[in-house]
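Start from chain A and add chain B according to the hints.
Listed in order, the protein sequences are those of chains A and B. Just so you know, the working numbering puts 360 at position 360 of the first sequence, and the rest follows in order with no gaps. Just so you know, the working numbering puts 77 at position 77 of the second sequence, and the rest follows in order with no gaps.
Hints are computed from structural coordinates only; laboratory data are not their basis. We treat Cβ as the ideally placed atom computed from N, Cα and C, and that holds for glycine. Just to be clear, a hint being listed does not mean it is correct.
To be verified - Here are the simulated DSS-like cross-link-like pairs (lysine-lysine), alpha carbons at most 27 Å apart as the crow flies:
#, chain 1, residue 1, chain 2, residue 2
1, B, Lys43, A, Lys392
2, A, Lys272, A, Lys316
3, A, Lys81, A, Lys191
4, A, Lys392, B, Lys33
5, B, Lys21, B, Lys74
6, A, Lys316, B, Lys6
7, B, Lys33, A, Lys279
8, A, Lys88, A, Lys169
9, B, Lys43, B, Lys21
10, B, Lys33, A, Lys397
11, B, Lys87, B, Lys33
12, B, Lys43, B, Lys83
13, A, Lys191, A, Lys88
14, A, Lys57, A, Lys209
15, B, Lys21, B, Lys76
16, A, Lys57, A, Lys45
17, B, Lys43, B, Lys87
18, A, Lys392, A, Lys279
19, B, Lys33, A, Lys99
20, B, Lys21, A, Lys392
21, A, Lys170, A, Lys57
Said to hold, decoys possible - According to the in silico footprint, chain A covers these stretches of chain B (three or more CB under 8 Å from chain A):
#, segment
22, 12 to 21
23, 26 to 33
24, 36 to 42
25, 58 to 66
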Amino acid sequence: MSRIVYADNAATTRVSEQVLESMLPFYREVYGNPSSLYTLGQQAKAPLEEAREKVAKCLGARPNEIYFTSCGTESDNWAIKGVARALKGKGKNHIITSKFEHHAVLHTCEALEKEGFQVTYLDVYENGLVRPEDVETAITENTALVTIMYANNEIGTIQPIPEIGEICKKHGVLFHTDAVQAVGNVEINVKDQNIDLLSLSGHKIHAPKGVGALYVRTGVPLQNFIDGGAQERARRGGTENVAEIVGLATAMELACADIPGRIQRLSAMRDKLIHEVLKVDRARLNGDPIRRLPGNASFCFQGVEGESLLLLLDLKGISASSGSACTSGSLDPSHVLLSIGLPHEVAHGSLRLSLGDENTMEDVDYIIETLPGIIERLRSMSPLWDAIQTGKVSYDKYFTERKAPHTNRFLAVEH
Amino acid sequence: MAYSEKVMDHFANPRNVGEMKDANGMGEVGNPKCGDIMRMYIKVENNIIKDVSFMTFGCGAAIATSSMATEMIKGKSLDDALKLTNKAVMEALDGLPPVKVHCSVLAEQAIKAAISDYYRRQGIDPTPFVGEVPECEACEL
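In isolation and in its complexed conformation, chain A is listed as follows (with noise of 0.2 Å):
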């Protein structure tokens, strides 16, 4: 049988063995609810403040502008519809965010839309960046928020976060990131970096899913989100999930504790990797090939079908993504491969590998060996490669030579 290799960790991960361990108490012995007074409640009590300070610890904020979510989705959500509701009455009606936006962000400002928000969607450019002068430009005496995502979930492209904080404080309009792909693999300090709220995710960082955490800056104005009891400082109703905020803590402080360790470790698998697959012919790199998360790496082959290709890289061993329509569930491509010009035509045949801890480079070898084949079988048997190669059709414009990033130069851009 051949080798499993999981190459998806931008979609999940596996909750670690560390991260587990650190959870069993809270289901097993210490189970109880942190807001009763008696012995077992106020053992849970203690557990969910140390995991505030080490979350906070890792974002370089205090505890208490910490708070424990659902997840991801939840915390953009509750930051942007927050954000937002709480300006309205100041005659703030007006978002700043970008066009290649994850849905849980893109959806919430097209829900503020129909409260009467306007919404501008900021152009993305060709190498998958969105530049900070154009946030600059669109910002008015109105704007409530800027939410622009810190690295993108698709192609993996690190958005100039810091310069856009700048441009927010100066100003003095929130800035809120969806910083869920970028924690543990780029150094992140709110308040080096003029951040006003960060979403973040347990588990794309080995911790469970259903577990995420919302940076607020302290003085932000914010709507709760989710009513209910005094918890989470009366910010955000709910039962605390103890055991997965540990989780989350455990995760967090693992993910940070060796940054620029994890980017030479994985952008040396992802760079072989992207120097091997483009030597496929008419392939290309999505997203800059420097400015980018050190586990991600994002191609199109011209010819084939995204799905097709998922499928036969699963039946010999290999878990990958795609942004084909055929993967969404809708007859349109990813909007984030849309959005950086490419053609629908191009944007099905997209293939993103994302490598993770546990990945090793006996499994980046497994893909090169792997995947030319599969996308020669596909080709063989296509009729938009046959007039592609007799030149009825030619995408050759969006394929130009790229080359392979160098990992000193990765480090060099973060700082």
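Here is chain B on its own, set in the frame of chain A:
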């Protein structure tokens, strides 16, 4: 989304795949913008589809429905082949997820397009036999 075992079998081991040099009918439907193109080749002798093959750019369901459709018309008369519906192809594959139904429509259309082409090459107007081959409605982007 989960595919049936039959879909996975026809996807992973497609029957009758590849270009046919001596075909006397060829039809192509779909478009690259939608993400699927089906090309069907037929070799007709005495009104019987002696041989059939396909080339498909598309998802797993597109490839599987192409493969199944070729199996279902091989050796059939043109009249019988024209009676093949997308529903029959889907049933033969033990069903398709709802978002993939259009793939089976494409397979039905590809057969009709290939037979139309055969009639035209024979100097016969295909319309009375085949009717209009409608565009895939899913592709009207």
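Hint-by-hint comparison with the structure:
no. : hint                  : result
1   : B:Lys43 <-> A:Lys392  : holds, 25 Å
2   : A:Lys272 <-> A:Lys316 : holds, 20 Å
3   : A:Lys81 <-> A:Lys191  : holds, 22 Å
4   : A:Lys392 <-> B:Lys33  : holds, 15 Å
5   : B:Lys21 <-> B:Lys74   : holds, 17 Å
6   : A:Lys316 <-> B:Lys6   : holds, 18 Å
7   : B:Lys33 <-> A:Lys279  : holds, 25 Å
8   : A:Lys88 <-> A:Lys169  : holds, 19 Å
9   : B:Lys43 <-> B:Lys21   : holds, 10 Å
10  : B:Lys33 <-> A:Lys397  : holds, 17 Å
11  : B:Lys87 <-> B:Lys33   : holds, 25 Å
12  : B:Lys43 <-> B:Lys83   : holds, 18 Å
13  : A:Lys191 <-> A:Lys88  : holds, 26 Å
14  : A:Lys57 <-> A:Lys209  : holds, 22 Å
15  : B:Lys21 <-> B:Lys76   : holds, 20 Å
16  : A:Lys57 <-> A:Lys45   : holds, 19 Å
17  : B:Lys43 <-> B:Lys87   : holds, 24 Å
18  : A:Lys392 <-> A:Lys279 : holds, 23 Å
19  : B:Lys33 <-> A:Lys99   : holds, 20 Å
20  : B:Lys21 <-> A:Lys392  : holds, 19 Å
21  : A:Lys170 <-> A:Lys57  : holds, 26 Å
22  : 12 to 21              : holds (count 5)
23  : 26 to 33              : holds (count 3)
24  : 36 to 42              : holds (count 4)
25  : 58 to 66              : holds (count 6)
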